[in-house]
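Novice: In order, the protein sequence lines correspond to chains Y and H. Using numbering that gives the first Met the number 0, the first residue of the first sequence is number 0, and each one after it goes up by one. Using numbering that gives the first Met the number 0, the first residue of the second sequence is number 0, and each one after it goes up by one.
Treat the hints with care, since some could be wrong.
As the list claims (entries may be wrong) - With the C-beta cut set under 7 Å, the calculated list includes, among others, these residues of chain H facing chain Y: (1) THR3; (2) HIS4; (3) GLY143.
Since the hints were derived computationally from the structure, they do not count as laboratory data. Just so it is clear, CB atoms sit at the ideal spot from N, CA and C, and this is done for glycine as well.
Protein chains: 2
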Amino acid sequence: MKATHRPDIFTFSSFDAARNLDFNGYYLIRDGGGLLVDPVPMSEHDRQHASALGGVSCIIVTNSDHVRDSLALARHFGAAIAGPAGERSAFPIPCNRWLDAGNPSLPGIEVLAQRGSKTPGELALVVDEDTLITGDLVRAHGGGRLDLLPDAKLRDREAALASVHGLAERAAVEAVLVGDGWPVFRDGHARLQELLQRLRAR
Amino acid sequence: MKATHRPDIFTFSSFDAARNLDFNGYYLIRDGGGLLVDPVPMSEHDRQHASALGGVSCIIVTNSDHVRDSLALARHFGAAIAGPAGERSAFPIPCNRWLDAGNPSLPGIEVLAQRGSKTPGELALVVDEDTLITGDLVRAHGGGRLDLLPDAKLRDREAALASVHGLAERAAVEAVLVGDGWPVFRDGHARLQELLQRLRAR
Numbered sequence: 000m001k002a003t004h005r006p007d008i009f010t011f012s013s014f015d016a017a018r019n020l021d022f023n024g025y026y027l028i029r030d031g032g033g034l035l036v037d038p039v040p041m042s043e044h045d046r047q048h049a050s051a052l053g054g055v056s057c058i059i060v061t062n063s064d065h066v067r068d069s070l071a072l073a074r075h076f077g078a079a080i081a082g083p084a085g086e087r088s089a090f091p092i093p094c095n096r097w098l099d100a101g102n103p104s105l106p107g108i109e110v111l112a113q114r115g116s117k118t119p120g121e122l123a124l125v126v127d128e129d130t131l132i133t134g135d136l137v138r139a140h141g142g143g144r145l146d147l148l149p150d151a152k153l154r155d156r157e158a159a160l161a162s163v164h165g166l167a168e169r170a171a172v173e174a175v176l177v178g179d180g181w182p183v184f185r186d187g188h189a190r191l192q193e194l195l196q197r198l199r200a201r
Numbered sequence: 000m001k002a003t004h005r006p007d008i009f010t011f012s013s014f015d016a017a018r019n020l021d022f023n024g025y026y027l028i029r030d031g032g033g034l035l036v037d038p039v040p041m042s043e044h045d046r047q048h049a050s051a052l053g054g055v056s057c058i059i060v061t062n063s064d065h066v067r068d069s070l071a072l073a074r075h076f077g078a079a080i081a082g083p084a085g086e087r088s089a090f091p092i093p094c095n096r097w098l099d100a101g102n103p104s105l106p107g108i109e110v111l112a113q114r115g116s117k118t119p120g121e122l123a124l125v126v127d128e129d130t131l132i133t134g135d136l137v138r139a140h141g142g143g144r145l146d147l148l149p150d151a152k153l154r155d156r157e158a159a160l161a162s163v164h165g166l167a168e169r170a171a172v173e174a175v176l177v178g179d180g181w182p183v184f185r186d187g188h189a190r191l192q193e194l195l196q197r198l199r200a201r
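Modelling step: build the complete structure from the supplied sequences, incorporating the hints.
Specialist: In structure tokens:
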């Protein structure tokens, strides 16, 4: 797995030829057990790397379209799967837990609801206030800037903009680790504000 | 290939398990023919992508250790290979041209010499003043910051620091596209200055 801006967060990717960008999964070392977020398939090397760092006790899937390799990795690591409570009724895989906004069960990790996105209950995570992990709504098609899911895929553009507004208000966010595209490791707060301004200027 | 900060520059990577980072090749659309820099192997998808963007007329190899898949790609695209003049006497592959600092034959691209690095004649490129492409000397082991090749691999640390100083003086540099690790797409000038300060503080 690749290092990020923090020594306790790693990432692994798989290139998506249809969109010409990387899909990213994240691995977090946490008290109480390692965490995977929206994991793409992991190579044997990366699985061993995660095991050496403490293994995986929980896999968080931010939305129905980001299940990726969660089931196989849950089996491999003996991990529980936590899915978005707002998509429980039609989630594509069985989950051990359901997360909703404000769910306090993950120490140091804040669970946010993202409204208006492609799926009704998408989640985003804020880790120790400085690191935002996004699922589908906020992404990065190019380097050094953030993007929103294209309008055609949004359920409600105004609600989506309100979600981005909520993210852009978090002044302590340094990194924005996107599920799709280039992670932003510095000045995440400024990049979110730029995104919001660009979206509102349209 | 993945988009970068500019619509005319793309990148493609291969994960190096020994260092847990990506090795990156770059593709530039240029008047007079596409350019590859330090290309890692390209998938069939990426080769077709480059062909659709205008093909490749020249492959620049910044140093003897970054030959990577240049020979096979030169054959595939019918491209010339340009190597560093300072490593001509022992370069691992035949080159059609040799580049030295200040070489004016590539319009809009400035060729810089990097002294003190792992190999004697390493090059760096500055594209249209805003984009620095580095070979081995400047790299990024983590996200959002730049690193220098470890001391043990440097031929001359003082000379290497002088090279970084030269890069850090270029105020117009926005992106630092590294051969090894995470590309920096924003505030490249500030990241180079931070690197220089960190190296001098040791």
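Novice: It remains to establish, for every hint, whether it holds in the given structure.
Specialist: Checked hints:
no. : hint   : result
1   : THR3   : 5 Å, holds
2   : HIS4   : 4 Å, holds
3   : GLY143 : 3 Å, holds
The structure agrees with every numbered hint stated previously.
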